[in-house]
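Colleague: Protein chains in written order, with UniProt numbering: chain V, 1 to 277; chain H, 1 to 365.
For the record, the hints were derived by calculation from the structure and aren't laboratory data. Backbone N, C-alpha and C fix where the C-beta goes; we use that ideal spot for every residue, glycine too. Be careful, since some hints might not be right.
Derived CB-CB ranges, DEER-like [as the list claims (entries may be wrong)]: (1) V:Ala122 <-> H:Ser74: 34 to 40 Å; (2) V:Ala122 <-> H:Asp216: 50 to 56 Å; (3) V:Glu175 <-> H:Ser313: 33 to 39 Å; (4) V:Trp17 <-> H:Gly50: 46 to 52 Å; (5) V:Pro54 <-> H:Gln213: 54 to 60 Å; (6) H:Gly50 <-> V:Val15: 47 to 53 Å; (7) V:Tyr46 <-> H:Ala90: 36 to 42 Å; (8) H:Arg149 <-> V:Gly24: 55 to 61 Å; (9) V:Glu175 <-> H:Gly50: 26 to 32 Å; (10) V:Ala121 <-> H:Arg18: 49 to 55 Å; (11) V:Pro117 <-> H:Ala90: 16 to 22 Å.
Listed next, the stretches of chain H that the computed footprint assigns to chain V, with coverage defined by at least 3 CB atoms under 8 Å from CB atoms of chain V [unchecked claim]: (12) 118-127; (13) 205-216.
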Amino acid sequence: MTFDLSPGAWLAPAVDWLNTNLHGLFAGIAAVIEAVLGGLQTALLYPPALVMIPLVAVVVALLLGWRLGLLALIALGFCFVMDLWEQSMETVALVSVSVAISVAIAVPLGILAARRPRLEAALRPVLDIMQTVPPWVYLIPAVMIFSLGRVPAIIATIVYGVPPMLRLTTLAFREIRRDLIELGQAIGATPRAILLKIELPSAIPTLMVGLNQCILLSLAMVVLAGLVGAGGLGAEVTRGLTRMEMGLGLRAGLAIVAVAILLDRLSRAALERGRKG
Amino acid sequence: MDMATQVTDADDVLVDCRSVWKVFGDKVPAAMRAINERGLGKSEVLKEFGCVVGVSDATLQVRRGEIFCVMGLSGSGKSTLIRMLNNLIAPSGGQVFVKGRDVAKLGPAELRELRARHIAMVFQSVALLPHRTVLENAAFGLEVRGVARDERERTAEAALAKVGLSDWTRRYPSELSGGMQQRVGLARALASDPEIILMDEPFSALDPLIRRQLQDEFRELTKSLGKSAVFITHDLDEAIRIGDRIAIMKDGVIIQIGTAEEIILNPADAYVAEFVAGISRLHLIKAHSVMVPVADWAAERPGVDPAALPDTSPEADIDALIDLTLESAGAGIAVRDGETLVGVVTPRSLLHGVQGSRTSGAAHG
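Can you make the complete structure from the sequences, with help from the hints?
Modeller: Next comes the structure, spelled out in structure tokens:
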């Protein structure tokens, strides 16, 4: 008799069961994600790179200042010069969709957790697990359910991206000045008006920090998900690794750095604007 | 004035607090039952139920046009009491009526309506939204009520003009001094044109000079607009300066309610007496409290004709009486209510008044 505990022995049948019984649901989820992702990717790749790069640079310069516009020009130009434009845009699309879904899950849950200490207590160990289990491990059930491709990559990325966003949302809403909420009640505002006109604007700076974290962690995970056929820059890294092609691995790696720096600086700049306003 | 306000009918009572209790803790219903049935005190409730009594058995009425001050030190329950008037804190026992309606029985929408239109609040922390301009802050109450932009901005501009901030409407709160911020808070309360304004220690955080100025402005504005106010403060000077009537609170209990003059002349207990000891009487004690009856005066000074004395009204304060006494021969000052001679202030009775010992036979209302 051994005392070895094997969670896999429990989980694998559970995943199998889910697969057989909820196949329709998962297929539906996969179809929606594929459609959104495909649309975004097509849109990003529709204009030629030589049109897209200056366009983005100009828009960023107008919105957030010329330094960031220049940064966008350099970062995107680098991806183009490395001959990884298409892959870079695939990665940006994957990150965007993952972050959007992560935010849609994490913000409402985080707000609820800020209001209900019990929910927060229940969520905390779950979030700890989501953040500390090595990311490769989520890929296994994700692939079992959604098979290889971009969808399991996005699912695994969401699992990785939700915790920071959720924790910071809870923090943001817990830090809101008590007197401002009391003001809302005292002037006869509805709970909805208090949420939208008092709580959300006050929470924006901390929420932006959460978003920044969410974007960077999602990018890291999306790259890792190249292993399961997510495409994009991650696929190039994986190819470089499996073929032992130093040059390809390095080019893809540097392109990832360029995309990461760009996304980080842009979200930070947006954050600064949120603070000022 | 005193005589007039005593004759009130029920319509004139805007806020009516009837033996209101607030108990904090996990076993509030049991603690309230024990209080009602066994008459437990604050420390017994804490010992037996682990509940803290915030406000106990508070009864007060605020009349139309009146500024009612609640004075107490921190922890006296005054902030809890004021929050029960608009149900930000629900009472554990007793009833609060605002304009004749039991606040605890209102539904959520009715309660919001009451707060939005009839009973505004100004906070010690000011509670301005930092990401909105002064104008948007002043209009915030109207905004959440769904008033159209044009109309609410016009109303908010008018309210800001009343507090002297017309030139600052496009600025952000962080650009304003503490005193100006609190004016915005007041303008926001005025913008919804409520009958009652709850002031929760609004001027406590300001420096003394600005505080004085705002106290005077607040009183003037409230009176000229015909509003009623409940004003919380820990400063007796402030309560006296602003309030028509003052309630003194200690440990959750209202110890005494009365005009400043009543409280100073007749402190209900040693605690109140100690509080009022340091208060300057010069402007608080009035002629009607220090005068002696005409007959007594005549007996003391036969042959002096009261018509020869300088005269004054019953509402003249000690400061004015001292001036009159210094200017006159010192035989006394005739106190006339209209044409009728109601009493005489002699130098002797005046000195008693200054000192605080009560003049024999002095009538006060």
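Colleague: A separate judgement is required for each hint: does it hold in the structure or not?
Modeller: Hint check:
| no. | hint | verdict |
| --- | --- | --- |
| 1 | V:Ala122 <-> H:Ser74: 34 to 40 Å | holds (37 Å) |
| 2 | V:Ala122 <-> H:Asp216: 50 to 56 Å | holds (55 Å) |
| 3 | V:Glu175 <-> H:Ser313: 33 to 39 Å | violated (57 Å) |
| 4 | V:Trp17 <-> H:Gly50: 46 to 52 Å | holds (49 Å) |
| 5 | V:Pro54 <-> H:Gln213: 54 to 60 Å | holds (59 Å) |
| 6 | H:Gly50 <-> V:Val15: 47 to 53 Å | holds (49 Å) |
| 7 | V:Tyr46 <-> H:Ala90: 36 to 42 Å | violated (59 Å) |
| 8 | H:Arg149 <-> V:Gly24: 55 to 61 Å | violated (49 Å) |
| 9 | V:Glu175 <-> H:Gly50: 26 to 32 Å | holds (29 Å) |
| 10 | V:Ala121 <-> H:Arg18: 49 to 55 Å | violated (41 Å) |
| 11 | V:Pro117 <-> H:Ala90: 16 to 22 Å | holds (21 Å) |
| 12 | 118-127 | holds (count 5) |
| 13 | 205-216 | violated (count 0) |
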